[in-house]
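K.L.:
Chains as they are written, first to last, in the working numbering: chain A, 480 to 850; chain B, 10 to 575.
To be clear, the hints were calculated from the coordinates, so they are not data collected in a lab.
Ideal placement from N, C-alpha and C gives every residue a C-beta, glycine not left out.
Watch out, some of these pointers could steer you wrong.
[Said to hold, decoys possible] Subject to a maximum C-alpha distance of 20 Å in a straight line, what follows is the list of computed DMTMM-like cross-link-like pairs (lysine to aspartate or glutamate):
id: 1; chain 1: A; residue 1: K580; chain 2: B; residue 2: D182
id: 2; chain 1: A; residue 1: K622; chain 2: B; residue 2: D117
id: 3; chain 1: A; residue 1: K700; chain 2: B; residue 2: D138
id: 4; chain 1: B; residue 1: K279; chain 2: B; residue 2: E12
id: 5; chain 1: A; residue 1: K622; chain 2: B; residue 2: E405
id: 6; chain 1: A; residue 1: K623; chain 2: A; residue 2: E641
[To be verified] In silico negatives: residues of chain B with every beta carbon more than 10 Å from chain A:
id: 7; residue: K38
id: 8; residue: L93
id: 9; residue: D117
id: 10; residue: E343
id: 11; residue: E405
id: 12; residue: E430
id: 13; residue: E473
id: 14; residue: K551
id: 15; residue: I565
id: 16; residue: T566
The lines below spell out each chain.
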Amino acid sequence: MAEKAVLRIYRYNPEVDQNPFYREYEVPLDEVQTLLDALFFVQERLDPTLSFRFFCRAAVCGSCAVKVNGVSRLACKTRFRDLVEASGGRPITVEPLNFLKPVKDLVVDHDAAFENLKTLKTWCEPKEPIPEREYRIPPEEVKKYERPTNCILCFACYGNCEAVMDDPKYAGPFAFSRVYRYAVDSRVKDEHKREMVKNALEAGDVWSCVQCQKCIYVCPKGVRPAEDIQNVRGIAAEMGFRDYPGVRKLQHFVDWVYATGQINRLALPEEVYGVDPTPLINKFREKGAEVWEVPKPLPGLLEFRDLILEVMKEKKPHLDIDFHHVRRIDKRVEEVFKADVCTRITEKFEEQKSDFFSRFWKKLGEFFGAS
Amino acid sequence: MLEYDILIVGAGGAGLYAALWASQNPKLKVGVMSKVYPVRSHTGAAEGGINAALGNVAPDSPEKHAFDTVKGSDYLADQDAVELMTQMGPQIIYDIEHRGVPFSRLPDGRIAQRPFGGASFPRTCYAADRTGLVILHTLFDQALRQGVEFLNEWFLLNLVHDGERVLGVTAWDIRNGGVHFVKAKAVILATGGHARMYWNRTSNALGNTGDGSAAALRAGIPLKDMEFVQFHPTGLRKTGILITEGARGEGGYLINKDGERFMKRYAPEKMELAPRDIVARAIEREILEGRGCGPEGDYICLDLRHLGEEKLMERLPQTVEHARVYEGVDPVKEPIPIRPTAHYSMGGIDTDKYGRTEIKGLYAAGETACISVHGANRLGGNSLLDILVFGKLAAEDAAEYVVGVEHAATDGAEFVRREEEFIKSLTEKEPRENLGQMRRELGEVMASKVGIFREEKPMLEALEAIRELKERAKSGLAVVDRSRRFNLNLVQTLEFLNLLDLAEVTTLCAVERKESRGAHYRLDYPQRDDENYLKHSLVRRKEDGTLEHGWKEVVITKWQPQERKY
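Isolated chain B, as found in the complex (with noise of 0.2 Å):
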């Protein structure tokens, strides 16, 4: 049986820098297990930056970045949790720099940092536009250097605790097939968002699915914040998959089907440039309203032509080629489609600062947790930030932990003799669902009712088209492929049942909120309401699997709640 000290569940951003940070202390057995190998993980994706108040440009301190947050998160982000964060930010930059990661540089080489939404300083470091890239594969790298024991390839089940203290968790060896008891004293769930829920409206990995999330909600582990989804206003139509900001900054127009620069009515000053969340309702409403492009109108066209051919080859290739390969579409000759797109989740596993949840040893880090920094609007640059700066705390916090702990007396036969069970009655089911035609189903009621506008009736529709859902694959939802090794079918389908679970809790706590925030918007209740919603919903999932909603008071320090204006 494979035994651990500290298992780290994840190995994007904030698991391989929780492992940097566990493994410090060598006498620990550290483990990381993914279900993909650790490059292959989400923070590669990150292309702007990391927010850290280096002052590197301009002056700047961590109590400016924490109010930028502050305010940002529309005041729903607990204020001791940020100013830890942003306090922390530069000593966590400069850690990964000396650890290698290749910074673009200012002349005197230093950390070079640019401005970004919602800051009020230039405060993102970058690598060029893949910032996310380089700090992911730093990080691999440091951890083949401390000589990180890898468990790839392997699929999170279920989380084991005995109501007090965490145990270990079961997991799927993808590759050779067979339920393990993975023994653990401390368990870091690392394990990315959950956006795929939105399906092709997502900019997430395909993998996205809120693996770890979803593990510790069957755990009886509360989730928080989780009707806080953003969306990023520029998803190429088809896929979802993100252009950058970056084609707006560098002149794109955003047009209508009557060729109209639509945002002189929402943002006459900003126009194209105005915060993300306005960005992307007005694109959704020309939508609504009728004023869509193409056939079914169902898409916005950006506009990059009259930058010229030589501008867009040097600026934005990336856009170019993502235009072309992903949607046919020629940017040079041709404007391109695009739609918001579910990019971030801001809500997730209720954590407190140092990651901890309610269960001892159990901790969570990055985008699966919700300590919360990000509140109901996460600010682009504070997510690479995130996962470092919980990632080592959580680390930190469960090696001293595990210290003192035993490993539990189990031998876990039970549980894998029960997983076992369950993988073995969704190959012997009678296939009469279709993953991909359901996983579709979720994604367009998630889009069109539990999206950028929400409303009460169309919300209940989808907690009902969601509970619908889950009865179906109970039934006829399957695993067509019986063999064991690589079973690509199996994971999939484990994943959909995740992003289910996650999706039904996400449309509960958007009925609930009755208020507008952040990225969260009510057409109903277009106002934000300190008064009865200043605070964090709750859900936790009962034995008898109904789901039980509560609330959780923000944390307020320096910053009284005031209006949100740019």
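Just chain A, same shape as in the assembly (with noise of 0.2 Å):
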């Protein structure tokens, strides 16, 4: 007997279904290859109301992204039979993406998706004056926007989104993919990419991205635009735009771990959201938690502070050091521990420095000057 498998597949008429429900088909391995496939058997032979989207069946259109067992892929792509061995006998469940409104069966109205594009303005207005024959562009600037410009717009990404989950608002990976590959254009007018990149901050909400790096994993392309999305809120942290919680939280980061070798959660809510921090504080309290109101400074910290200065020195990270917050800080370690930081940190450096802390300070620069 032929070698068979399960699909089980969400079906969703509006026009006549109350519901949504799951009807299974039985797909026999040998007639097909991929998943696209097992969908145009069960279509062709099976049950000729099925909907779904499809077009250049060779992974180049974007028209067939659907959610299998619960991460977005293209079907077109997606060897069924690594469907099958995958899922050890279990049906194989296929559903419309995420997020974006039903139309019928696996097709999910795009419309929604693409208006983020409008919004957010990913395109190239060129800068003047523009030359009578091409813009001279090195290969090197062509490098950077390789990867972007793989996207097909299949939405996979906006699928399996953490942050639309979260907030319905927040424009898509793919979204700001393009918003990278139009900013790191030379040819595009820089009031242009200004305007986009802003768009990006308060339209698109790009701070809302969680680095799941679930995009990165089930883009079909190759495109990573989680590091885009890193990548665009250090174009916008370099253009000034610094006055958002997400680069007050960087800054406190950058400043903090410089001044005390490690963040500080009691202060974080007031100098991201300007919040008072004292009833926590007094809870806390209340619990009998130990409460610092900052932190202790590591020993042989003084050594760090030129670790850090050199990596970020050799990243080029798009936040600097505010120094004046940094004595800011100094002070009131002086004032609790009562002690002048300087000397008191550097007292068991030697003993300290160790592979080990380089390689995480390493780390820790490269997680700021994504670029």
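Could you use the hints to bring the two separately framed chains together as a complex?
P.N.:
Written out as structure tokens, the structure reads:
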């Protein structure tokens, strides 16, 4: 008997069905190569009322993204046999992409996602004067947008995005890859880049991304939206768009780690959102928790500071250390611990200095300077 | 009712570029209707590049580009149109470059150009192996910038005209269901090619079903040179999905069942890198003469194993992926089963070089049009240029035309009623046929009898088979899904009916052209015959539904036909 697998397909026709339901279909493995073939098998042989999207069937048009066992994938690029093996004999569940309005069965309304591109204005407005021939662009610049221009707008990333789940206003990973792509294109007018980046911050909520990196994982074309998002944030900070919670949080990280070797969870709400931390502190005290108003500086911190500066110089991060802020932190530390911060923290440096720490700082530097 | 000054049908490269130029005049209401979202269109699948005589790598000129194109066309192209296209080439490239197309670059920052089949200089501008994709997406971004209005997922049903000028179109709103009359002073058809008539033997997208060409045919507008369909030598056996010419460029071998590099018998010098039509015919001959691979002997192998995994992954990652996903074969360890695959429709709606048809206000551009700049055989890299040049020219001409024109007085209710009735008849029919089965039958007939090698008798059989399929469709091919919303079953059925009409025309033209020229190769007439057939074929559907076949002169300006040798 021919090997078969069961597809469990989401069905919903709002014209007649009160609620979505699932229907199971048996598909012989030998007759299909891809999940798209399997859907065609169902539609041709078993149930002509099934609706889904497709066009090129070669992973370049972006029509056929669906959710397969919870993960966004292009149906035409998913080997059916691999799916069957991975699901170990259990039915394979195929559903429409998350977060987009249902139309029928596996078909969702893409309009909202396309609209986000329009809102963010992800396009080229050419810098003047426009040359008679082509703009001169070094091959290294083209490399920067090689990956983002691979995007086929299939919205696989959107359908698996943690930020969209929490923040419906969030424009989606694909949209920020496009912002980045035009923001690093030297043909685009500076004013337009500024407008686009501002849109990414405000209309698109680029700081809502939690860097879960699922978009990188699900992208069928190797675009790395999470990285582009980090870059867009960096470009925004460089452009001077700093009055955003996300930037303030990063500034907090940079300054406090530089000043004390760690972040300060108590000061974080105030510095990021302007929230008075006193009730929080009181609550901790009530519960008998030990409260450090400022973290105790690590031994050998001065040398760590040198390392941070070195790393930051090497990695060219988008945010600089705010030394006014650092001096204020130093002062608080001196008041709390009744000691000169510099002498106190150098004492045991030599014994603490190890490869482990330098690796740690290197990693931190990479995090801050994503470009 | 929807009303546009200019309605563009199709949102691939030709449609989008036409939209950008048509909406230059802010007073004009321009709409783009497409059965898929704009960035889904098949322009996105074009890999290789776009030709223009920029002369960035070697001295070049539009005239040399024109000559290569004319020669490549086997002298069937209209030379005035070719000259216009090649002269506009550089300016078009600069325009899309200014709009943001990320072309690959030379070290000094200018656009890089590479050599391509049939060209005498490195003339093909490219963006790695995804030139069409980045052009399509850049044009889409620009359309958003210009606020172009889209009717996404609307299916063209019929053209409406009064015998003199176009009045609009009827269309099916796929997403919501329902027929609409869309009123327009001018309509630009940019609906792409129709090689899907070869079903599983084509590199085309599933939706390349020639909807615009078929609508034109039904509206009494002639189709031109429909017998010319270009076959690409290396399509995957099962699906027809394209394996790029680059695979042979990097040193891949074509081998038959005896492990022989058979190209040595067909093109001893160029071997695997001979022109497309020669390689395609060689592969097909091996198969026909019993030297094909596999238990059925129905394919040839593309062997890349000697290139090694590292080189394959670096230079041909897409090829490796396609073979693994679509053929279940790992090219590092096994040869890839391939067959020539129907790739490009040289024929289409008869237009002049501004895209004008014989109905005022009705234009066609891109693969659905036949101007003709590709004649009997298109050169690689010329199709992306074609869609942009003639998309722009059609838009500019239409924008001028509509200024002095009033909308038609009709409210279209009559047309809508007729279409609704037709659709109702499809859903109410008793289903006796299976759409999938019929599509495969059409594909097999076309591939085996009107494919790479053609001959009178099998083609007449094909014509009969197609007419029989049409009869069967008429009586027993029903739309089983009754829902109005996103009724895939209905759309696929309408597409198939279009394919049937176009397959009939293609076969008829192939029977009538008793010579071999470019992509049209007749075993019973293996020579080119300029005396009798240096002319375009024209087919018009008469009111009684019969097809009328005729001829039209080829425009020759500078280059008298010579033997096409490489």
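K.L.:
Indicate, hint by hint, whether the structure satisfies it.
P.N.:
To see whether the hints hold, each was checked on the structure:
no.: 1; hint: A:K580 with B:D182; result: holds, 17 Å
no.: 2; hint: A:K622 with B:D117; result: holds, 15 Å
no.: 3; hint: A:K700 with B:D138; result: holds, 13 Å
no.: 4; hint: B:K279 with B:E12; result: violated, 55 Å
no.: 5; hint: A:K622 with B:E405; result: violated, 35 Å
no.: 6; hint: A:K623 with A:E641; result: violated, 26 Å
no.: 7; hint: K38; result: holds, 19 Å
no.: 8; hint: L93; result: holds, 20 Å
no.: 9; hint: D117; result: violated, 7 Å
no.: 10; hint: E343; result: holds, 16 Å
no.: 11; hint: E405; result: holds, 20 Å
no.: 12; hint: E430; result: holds, 21 Å
no.: 13; hint: E473; result: holds, 26 Å
no.: 14; hint: K551; result: holds, 34 Å
no.: 15; hint: I565; result: holds, 32 Å
no.: 16; hint: T566; result: holds, 27 Å
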